[in-house]
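If you want the building blocks of each chain, they are given just below.
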Amino acid sequence: MVFAFSLQSGSGVWHPLVWLAAFAVAAIIARVVLGFGRGSRKTGGDHVKPFLSGNEELDEERIHVRASNLYWGYLEAMKGYYRRLTALHTGNVADYLLWLFGVLAIMIVVGLAT
Amino acid sequence: MLLDLPFVAVGLIAVIGLGAMIAKKNLIKVILGLGLLEGAVNLFLVAVGYRQDGIAPIFTNAPEGVMVMPTVQALTLTAIVIGVATLALLLTMAMAIHRHYKTLNVERIVKLKG
Amino acid sequence: MKKIVRTAARLLYPFAFIYGAYIVLHGHLTPGGGFQGGAVIATGFALMLAAHGPGELSGIFKRAALNICEVAGLLIFVLAGFGGLTHGRAFLFNWLANAGGLFGHSVAHGPNPGDLNTGGLVPLLNIAVGLEVLGALSLIIYYMMTFANHIEEGGPDDAA
Amino acid sequence: MSTFFGGLDNHLPALLVGVPLLFAFLMPLAERVHRRLTDILAVTGMGLTSLCGVLLAIRVFTTGAVGYAFGAASPDEMLPPDSGGVPVRILFTVDALGAFMVLIISVVGLATLVYSVTREDRHGEKATFYALFLLLTAGVSGMVATGDLFNLFVFLEISSLAGAALVAVRMDRGVAVEAALKYALLSATGGLLFLLGVALLYTQYGSLNIAFIARELRMTGLDTVAVALLAVPMAMKCGAVPMHFWMPDAYSRAPAGVTAFLVVSSQCAMYVLFRSLFTLFHRRLDLAMFGWFVIALGVLSMFIGVTMAIPQKDVKRLMAYHAISQSGYMLLGVGVGLAVLGKPELLDAYGRKAMAGGIFHIMNHALYKGLLFLTAGAVIYRTGQRDLNNLGGLGHQMGWTMLCFMAGALAIAGIPPFNGFASKFLLYESVFRFNPFLSIIAILVSVLTLASFMKVFHSMFMGPRLPRFAEVREAPLPMVVSMGVLAVLVILGGLFPTVVVEHIIEPAVVALLEQSEYIQTVMER
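Residue numbers (the numbering used here), protein chains in the order written: chain A, 60 to 173; chain B, 271 to 384; chain C, 6 to 165; chain D, 558 to 1082.
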């Protein structure tokens, strides 16, 4: 029984196996849709190559988008946040210790005050 | 009053140790600050086990009277052993860092940050 | 100067050894025990290492000997702990106490100066800890003194 | 009680610590005999430890908490007749939560050790590596099994020292040593503060046993200080923001197998945090305040961890920031449970489910984050590159590694049907009823996690086959096997979460909530 394996959260429910079955059905539908394509499609030859406005294809090293170029817009928008946050990560072990002692002091003071 | 003296010493040593760990720039001094803190904790352990006019907790041949608490002494000894291992490890690491970085200034041992 | 120091060191180190051994063996009767005694013995090693330099010593002062000392101490301790299991008792049960033989005498009642042959597992563990500590502390000093020769340059990254 | 292995099953808690210690101490001897012997001995030792762990866990989950008295004439003699009701021996107390952690240690420990067999033996350091690894295993097993505060401190220090030495094991031109130094210095300081807290408790109650102190606790001013001294260093050890700074340093520079096991070690620190708040101080604690303290640490860790991860270029450093972020989920879930602990109706409505989510997440995180670190290690092992900017196109050659990475990455982002989704589902729905805002943050963090792992996946595996990686082959067999085992567990945990939750998680939650049961294990036998 599939429903025996459902996870109750108290206000909702999650059936992994039902989800998996739905996923399988979707995959089958996708395969069927793919099957409607024309079987006479040509493979090989120049027309499968990427068309870069008539320019030569770059070599593989330069096609690959490097990690630093991903999420450029996000990082640019959050520049101020990241500047402050990385400023905290000094790498200085004395600062690390100071944070530990700081949190400890706050906890003791708050604990004794209440 | 006189019995409180060890606890005053504990506080003093701990504060000196903490200060050295946070404020000193030399890695060796930071590690020695840790050593002082450890000494403070050990002294605290022994001091709380002390009973006025207590004798050594050896039951063979023991006269009547109060004994000082033996458990804390065992704890202190264990803590000292662990402290020796910790300090040896830390100092060895400091030697290795000095060998590669040519410095012991904690503000310049920051190849890992951000 | 060098000669004076070396001769003095060679004269003095047996005293450190004997005193340390006394502290280890009497650990179950008087203040002291494995760690303290082992540390005292290690000062003898430190004296010899400082006077002669780590490369020139032989016999018990060699790294291999110290290493074996350390491992032997650790193994004796753990195996003594497992010894309790074979008797159907808990780990580290004092299965030697009052059993006769080595360290197996019963403790005499009333005031007495203490008998070295009592305590069961406790003196055995003291000896194990003493061996371990003298080996480990001497090795720490040894490695710190020969640090320059033992730290190799890190190669290219090869995390795994 | 069944007596297989000639009655040795009564000694499982002691064997859990004794076996790895014995094999660790055998390593230097094995190295003298033959080089391959160290590999065989290490795998045997770890295998036996894992076997003990699994057997112990099965026993705890079927028959309830197990106590073990060291040095006693009989291992279950918790209170000697002449002790006057004070536990004087060193006692191990393994309840359902402890057994849960032991299970994690067993599985991840064995997988990471098998993975590490492939590291080449430069300068004969491999025996030392194995010895330290087994010591770390003994340390973390002892931490979760012990019922004695000072013993806990000793195991904590063993695991810290062995862990720090393992981080530094590749010198890495001093950079790994820098990471290890930061880790060791902070752990040692945290350990000393913990010891000070233990000393404060001992002076008042005259015992070190957790159950005994929990029963006697009066919550004086000194105890308030002791709570902070016990809780804050443990929060630091499990990487809670703003005390997380050592974590990316240490995780990114340790060998990959070690990093995967350090994740477990951090979670054992989290176990100590939960144990001290729930079992030790439970009845006398200002629950709302400490609940919100844990929640605040959790939310900060979640958010700052994931946002710091996104711009990282070093693959393992990025994953380390995610480890911080994921710890936040566990703190959030259990923190919600702690905050409503005094209100039974709210606890039953959503508190238990939130705690189940948080504790389930500990297990899931150990599996998928271990898996991710191992895949990153395999890629670094084959290419020698850890900078994401220099990687690419490896999906062509390292297919199995890529599949394992995908399972881990989808699990950490909470995509069904992987195990990360199951625990996050429990967390979202129950935390939403506590405070919708917290739940929204948790979902946002999941989205950012997915984004950041898309970046890693793209830059490591996607793209055309790069000429300079033409020689790269699939990772060696032991690596693939250990990654595969973890990947299968990740998927199984996602497909059958109910089985895990019912048989392992729910008992662990009950063990945290029912302080009296823990006390009974020791005090009334």
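Check the hints yourself; a few may be wrong.
Claimed, not checked - Some but not every residue of chain D turned toward chain C, in silico, with C-beta under 10 Å:
1. L586
2. F627
3. P1021
Stated by the list, open to error - Straight-line distance between alpha carbons at most 25 Å, and here's what the computed DSS-like set of lysine-lysine pairs gives:
4. B:K383 x D:K900
5. B:K294 x B:K372
6. B:K383 x B:K294
7. B:K381 x D:K900
8. B:K383 x A:K138
9. B:K372 x B:K295
10. B:K372 x B:K299
11. B:K381 x B:K294
12. C:K7 x C:K67
13. B:K381 x A:K138
14. B:K295 x B:K381
15. B:K383 x B:K299
16. B:K299 x B:K381
17. D:K870 x A:K138
Simulated from the structure, these hints should not be mistaken for laboratory data.
The beta-carbon is built from N, C-alpha and C at its ideal position, and this holds for glycine as well.
Evaluated hints:
no.	hint	verdict
1	L586	holds (6 Å)
2	F627	holds (5 Å)
3	P1021	violated (24 Å)
4	B:K383 x D:K900	violated (43 Å)
5	B:K294 x B:K372	holds (18 Å)
6	B:K383 x B:K294	holds (20 Å)
7	B:K381 x D:K900	violated (49 Å)
8	B:K383 x A:K138	holds (18 Å)
9	B:K372 x B:K295	holds (15 Å)
10	B:K372 x B:K299	holds (17 Å)
11	B:K381 x B:K294	holds (19 Å)
12	C:K7 x C:K67	holds (21 Å)
13	B:K381 x A:K138	holds (22 Å)
14	B:K295 x B:K381	holds (16 Å)
15	B:K383 x B:K299	holds (22 Å)
16	B:K299 x B:K381	holds (20 Å)
17	D:K870 x A:K138	holds (17 Å)
The structure does not agree with the numbered hints 3, 4, 7 stated previously, though it agrees with the rest.
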